[in-house]
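One letter stands for each residue in the lines below.
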Amino acid sequence: MMKKLIMCCLFGFLICCSSLSFSAETSDGSILPELLLPAPENQSFRDYLGLDVAAGEMFKLSDIKTDLLIIELFSMYCPYCQKEAPLVNEFYEKIKQGPVKGVTIKIIGLGASNSQFEVEHFADTYDVQFPLFADKDMSMYNALGGKGTPGFVGYKLKGAKEPVNILRNSGGFYTTEDFIQDIITNSGL
Amino acid sequence: MKHLLKIVCHLLFFCWVLTPGYSKNVTKLDYIYDPGQLKPVDSQLKVAPGDPAPEFSLPSIGGHRIALHQFQGTKNVVLSFVPAAWTPVCSDQWPGYNIAKKIFDEHNAVLLGITVDNIPTLHAWTTQMGTLWFDVLSDFWPHGGVASAYGILRSDGTAERALIFIDLRGVITKVIVEDINVRPELEDVVVGLKTLDSH
Numbered sequence: 001m002m003k004k005l006i007m008c009c010l011f012g013f014l015i016c017c018s019s020l021s022f023s024a025e026t027s028d029g030s031i032l033p034e035l036l037l038p039a040p041e042n043q044s045f046r047d048y049l050g051l052d053v054a055a056g057e058m059f060k061l062s063d064i065k066t067d068l069l070i071i072e073l074f075s076m077y078c079p080y081c082q083k084e085a086p087l088v089n090e091f092y093e094k095i096k097q098g099p100v101k102g103v104t105i106k107i108i109g110l111g112a113s114n115s116q117f118e119v120e121h122f123a124d125t126y127d128v129q130f131p132l133f134a135d136k137d138m139s140m141y142n143a144l145g146g147k148g149t150p151g152f153v154g155y156k157l158k159g160a161k162e163p164v165n166i167l168r169n170s171g172g173f174y175t176t177e178d179f180i181q182d183i184i185t186n187s188g189l
Numbered sequence: 001m002k003h004l005l006k007i008v009c010h011l012l013f014f015c016w017v018l019t020p021g022y023s024k025n026v027t028k029l030d031y032i033y034d035p036g037q038l039k040p041v042d043s044q045l046k047v048a049p050g051d052p053a054p055e056f057s058l059p060s061i062g063g064h065r066i067a068l069h070q071f072q073g074t075k076n077v078v079l080s081f082v083p084a085a086w087t088p089v090c091s092d093q094w095p096g097y098n099i100a101k102k103i104f105d106e107h108n109a110v111l112l113g114i115t116v117d118n119i120p121t122l123h124a125w126t127t128q129m130g131t132l133w134f135d136v137l138s139d140f141w142p143h144g145g146v147a148s149a150y151g152i153l154r155s156d157g158t159a160e161r162a163l164i165f166i167d168l169r170g171v172i173t174k175v176i177v178e179d180i181n182v183r184p185e186l187e188d189v190v191v192g193l194k195t196l197d198s199h
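Chains A and B, in that order, are what the protein sequence lines are.
Okay, so the first sequence: first residue is 1 according to our numbering, each after it adds one.
Okay, so the second sequence: first residue is 1 according to our numbering, each after it adds one.
No wet-lab data here; the hints were simulated from the structure.
Just so you know, even glycine gets a beta-carbon here, dropped at the ideal spot from N, CA and C.
A portion of the hints provided could be inaccurate.
Only pairs whose alpha carbons sit at most 25 Å apart, straight line, appear in this in silico DSS-like list of lysine-lysine [claimed, not checked]:
hint, chain 1, residue 1, chain 2, residue 2
1, A, Lys158, A, Lys94
2, B, Lys101, A, Lys136
3, A, Lys136, B, Lys194
4, A, Lys96, A, Lys158
5, A, Lys65, A, Lys96
6, A, Lys83, B, Lys102
7, A, Lys83, B, Lys101
8, A, Lys136, B, Lys46
9, B, Lys75, A, Lys136
Per label pair, the in silico range of CB-to-CB distance [said to hold, decoys possible]:
hint, chain 1, residue 1, chain 2, residue 2, range
10, A, Ser44, B, Pro40, 53 to 61 Å
11, A, Gly98, B, Asp42, 33 to 41 Å
12, B, Glu106, A, Ser44, 23 to 31 Å
Just so you have them, the derived chain B footprint on chain A, three or more residues with Cβ under 8 Å [claimed, not checked]:
hint, segment
13, 31-45
14, 71-77
Whenever a hint applies, use it, and build me the whole structure from the sequences.
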């Protein structure tokens with residue numbers, strides 16, 4: 001009887017452990033959709049993304065010069081995104097310093113159902129220093145398989161024939177260190 | 001054996017308590033009841049720019065009553081009616097305004113959020129939005145009385161998604177009755193606020 005009870009407890013323990021890994025960031029290996037965005041007006045943003053196009057010209061996400069690209073799916077109207085903004089800024093500050101363990105990571109944000117004005121208001125309010133883009137009709141959010149905001153999707157641009165998904169996270173993250181570590185681990189770089 | 005069982009139980013408990021992701025991964029979608037696509041507008045407006053704004057006094061989630069006339073001569077007023085708590089679009093709209101206080105301040109305007117829900121519901125709903133800088137009022141009883149006075153009470157008892165801009169004199173300068181399924185853009189609010197500046 002006691003043995004059975006212990007076995008049940010151990011089983012529960014394993015279930016809990018599996019839920020730990022389930023709630024961590026996952027990836028699905030899908031290919032980055034061919035999405036076009038207008039190059040930012042701000043020259044420093046174009047430099048950050050490594051774009052060799054004029055402001056307003058369209059570029060593909062895969063044109064961004066980085067090993068790993070993280071896309072934050074947010075909305076100016078989402079209170080959870082507002083709460084998450086300082087942590088995302090902290091994440092950006094850490095990855096902008098240079099390669100982490102030899103891996104370059106860059107981030108952009110897509111304002112789901114937001115106008116350009118709303119995206120700019122969000123950037124001003126939270127002093128966001130990385131490029132944010134409006135996705136008014138949510139076409140990019142949908143193409144990227146968004147499931148609520150905030151959310152994060154990540155793609156490996158380096159070394160793969162086509163940019164492949166390495167991160168799919170509905171909700172926020174806990175610490176920038178763990179988030180970066182998960183991203184690098186998932187990428188296999 | 002009992003000792004071992006105790007240890008395993010403790011492990012289980014801590015695992016359950018410390019499991020990350022649950023609260024962090026809760027997004028707005030988790031709480032919201034989606035009624036689907038609704039008739040865009042389902043009421044007949046009773047006010048227009050140039051009209052005196054119908055007076056009202058409503059209870060707020062702050063525990064006090066707020067009357068429109070108390071702002072006359074000192075503040076412009078923006079009434080933001082939203083259809084119902086815990087529904088899509090509505091649950092987004094006010095959190096957006098919550099980070100736009102500066103824009104309202106620039107036009108010497110206060111924002112009053114109004115729904116036909118009761119105070120306990122509004123309390124629970126707005127608490128998960130964080131701390132709101134503006135007052136939220138309940139037009140619950142007599143049900144939708146204020147919404148009805150403005151001509152924005154829908155046939156199902158909810159309010160339209162509407163913005164009413166009222167100047168220092170208590171005169172309406174702009175009315176926006178948006179498609180209930182669509183959130184007005186922040187630019188629309190700015191355009192409305194500009195109509196208040198001439199008085």
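Okay, the hints, checked on the actual structure:
With a CA separation close to 20 Å, the supplied pair Lys158 of chain A and Lys94 of chain A stays within the 25 Å bound. Distance check on the hinted pair: Lys101 of chain B and Lys136 of chain A sit about 23 Å apart at the alpha-carbon level, within 25 Å; holds. Proposed proximity of Lys136 of chain A and Lys194 of chain B is supported: the alpha carbons are some 24 Å apart, at most 25 Å. Simply put, Lys96 of chain A and Lys158 of chain A have alpha-carbon atoms about 17 Å apart, close enough for the 25 Å limit, and the pair holds.
In summary, the hint linking Lys65 of chain A to Lys96 of chain A is supported, as the alpha carbons are separated by about 13 Å, within the 25 Å threshold. Distance hint between Lys83 of chain A and Lys102 of chain B is fulfilled; the C-alpha atoms sit about 18 Å from each other, no more than 25 Å. This hinted pair checks out: Lys83 of chain A and Lys101 of chain B have alpha carbons roughly 17 Å apart, not beyond 25 Å. Note on Lys136 of chain A and Lys46 of chain B: the hinted pairing is violated, with a Cα-Cα distance of about 32 Å set against a maximum of 25 Å.
Using a Cα cut-off of 25 Å, the hinted pair Lys75 of chain B and Lys136 of chain A is violated, with the two alpha carbons roughly 33 Å apart. Against the hinted window of 53 to 61 Å, the Cβ-Cβ separation of Ser44 of chain A and Pro40 of chain B comes to about 42 Å, which falls outside the hint. Distance hint check: the CB atoms of Gly98 of chain A and Asp42 of chain B are about 57 Å apart, inconsistent with the given range 33 to 41 Å. For the hinted restraint 23 to 31 Å between Glu106 of chain B and Ser44 of chain A, the CB-CB distance of approximately 28 Å keeps it satisfied.
Residues of the segment 31-45 of chain A lying with their CB closer than 8 Å to a CB of chain B number 0, which falls below the three-residue condition for coverage. With 3 residues having a Cβ less than 8 Å from any Cβ of chain B, the segment 71-77 of chain A passes the three-residue criterion, so the hint holds.
Hints 8, 9, 10, 11 and 13 from the earlier list are contradicted by this structure; the remaining hints agree with it.
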